[in-house]
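Following the hints, put chain B in place on chain A, whose structure we already have.
Chain order of the listed sequences is A and B.
All residue numbers for the first sequence refer to the working numbering, where the first residue is 786 and numbers rise by one.
All residue numbers for the second sequence refer to the working numbering, where the first residue is 786 and numbers rise by one.
There may be inaccurate statements among the hints.
Pairs involving identical chains hold if they fit within one copy or between any two copies, as the list cannot separate such chains.
[To be verified] For lysine-lysine, the following BS3-like pairs were computed, each having C-alpha atoms within a straight-line distance of at most 27 Å: (1) 902 / 990; (2) 902 / 831; (3) 1003 / 1076; (4) 1003 / 847; (5) 981 / 1100; (6) 812 / 847; (7) 948 / 990.
Rather than coming from a laboratory, the hints here were simulated on the basis of the structure.
2 protein chains.
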Amino acid sequence: MSMENITLEKAAEMLIEQDNILILMHKSPDGDTIGSGYALCLALRKAGKKAQAICSDPIPSKYGYITDSIDDQSFEPDFIVSTDIAAPQLFGDKLSAYTESVDLCIDHHGSNTRFAKYSYIEPSAAACAQIIAKLIPLMGTEIDAPIADALFTGISTDTGCFKFRNTTAETYRAAAEMIERGARNYMITTLMFDTKSRQQLELEKRAIETLDYRMDGKIAIITITTEMMAETGAEESDTDYIVSLPRQIEGVMAGVTIKQKGEKLCRISVRASDGVDASEICSLFGGGGHKGAAGCSIEASPAEAKEMMASAIEKVIGK
Amino acid sequence: MSMENITLEKAAEMLIEQDNILILMHKSPDGDTIGSGYALCLALRKAGKKAQAICSDPIPSKYGYITDSIDDQSFEPDFIVSTDIAAPQLFGDKLSAYTESVDLCIDHHGSNTRFAKYSYIEPSAAACAQIIAKLIPLMGTEIDAPIADALFTGISTDTGCFKFRNTTAETYRAAAEMIERGARNYMITTLMFDTKSRQQLELEKRAIETLDYRMDGKIAIITITTEMMAETGAEESDTDYIVSLPRQIEGVMAGVTIKQKGEKLCRISVRASDGVDASEICSLFGGGGHKGAAGCSIEASPAEAKEMMASAIEKVIGK
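Next comes chain A alone, as it looks inside the complex (with noise of 0.2 Å):
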């Protein structure tokens, strides 16, 4: 299969031509593959075709102002799109087989692997929703009101609220756009930003009371134990906001969470100021991302995986 880099403009004029549409989110989905998925479903519905949005994970329930009108609707694919899907082990178990299948992949990672036959990557882009905002009028459909909420929820949510190193003009821009096309932003961004669960609340003191600083303060380690999700009841999506502590404090240039798996597997995210590189650090144990925001995955105890962590990035903000 041949691999090729195509524009926007050609990416609209291949949806066009197409009448069954299967659209794949990734995994663990968040606001901007489901807000991206949803968006150009929509859009290419609109447009007369038959397309559906699918996901290896269950859409979390948050999502459900997005997601409650869209019905299923069943038939053979004969185009398939992946939005905001870096790399073929963001599939998922119950898309894995699509992971050589895919048509158009349209992303904003960098660090995208190229694994479809065709690919539209705009990594200066702030989200996935960015480029579909572009696209769906290059498509010579209109952005509605339930499409820009779904564009709307991708944009802020994969800038933390318009708050991380990605976000430029454009962004505000596309978010202006979006809300004048009739995207509820105070409800999206309260919802997204401003609501925590009794759960979220306990795991997030709890967190705390872990914070393990390294390097004068300069690397701060957050852990969170299977026992303390069990304890507090929080649910795996309750950690998101927990993941971007460490790093607000004064003074941190690298922000870890540790989150147990099992017992000798941990995921890990890093979070990173400027002149740290996420990415970087992550990819010394096979995971990747972006330089502000990367993740891994570390056979071993969270203990372990600690000091596994630490004494890596001190030789990388050593350096």
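Frame of chain A; chain B shown alone:
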């Protein structure tokens, strides 16, 4: 003195006609009064005038990136402008002499008392800085990077980083324009919204431990004692974030924070969801504020104040 509402064009015209302009900011200065005042000062100086922005209280050091490059100018003012000041009682002690001599008031508070000779009030603007961003080009002056930094600060802080209900498409467009003119949006949002001291985090943990739910979780109350402040080494400004915490919890309609100020004195902050009026609650104890956020003082111990607030809110919500 005649009080007159004028257009923004007229306000720009008036400013251009003057040579020595004094700009007043409100007491306990926030990002919007600081951003608005200093941006206007910089623009007037750029236009060849003498200008100075002053405040009753010291400007917090975190705004140094705005204020550090602005030296003092001494002159006899022939025109006095206020930015983001809604009423005379917000001038503070040091500026109280000016309450009746303001020539031009530029503000976005609908409650503005029209204390100045001429007023331009735009309640739909999310921030006073959003108005100043339109005013400066009307003066024939270009917004450069330092002015853009100041205005982006006002816009982002007065919207709680684009999360409050006042945030509109115009707000996002103004932010985009400031970035295009050189505003360091990532630095500013990181500093304003993504930075916590260790003390602040420790206080947050202790505060979460005190969470007390009433009325099946419709009311959530946090207590911060003087002992907790002393033990964590936190400062008064470290409580700003915590005050918004209890209302963020799912299902909570009224979030209350009791801050002990003396053995028998507490300062109370109330944050309310749609349908509950925080200012109505606080007015029962001689306080006031907005529907969404209000405050009052109670001469009682934290435990007593908590019961007084809880029973008052139960009556208001139960109505």
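Outcome of the hint check:
no.	hint	verdict
1	902 / 990	neither (46 Å within a copy, 50 Å between copies)
2	902 / 831	within (25 Å within a copy, 55 Å between copies)
3	1003 / 1076	within (17 Å within a copy, 41 Å between copies)
4	1003 / 847	between (35 Å within a copy, 20 Å between copies)
5	981 / 1100	between (36 Å within a copy, 25 Å between copies)
6	812 / 847	within (16 Å within a copy, 40 Å between copies)
7	948 / 990	both (23 Å within a copy, 24 Å between copies)
Hint check: a violation occurs at hint 1 only; the rest are consistent with the structure.
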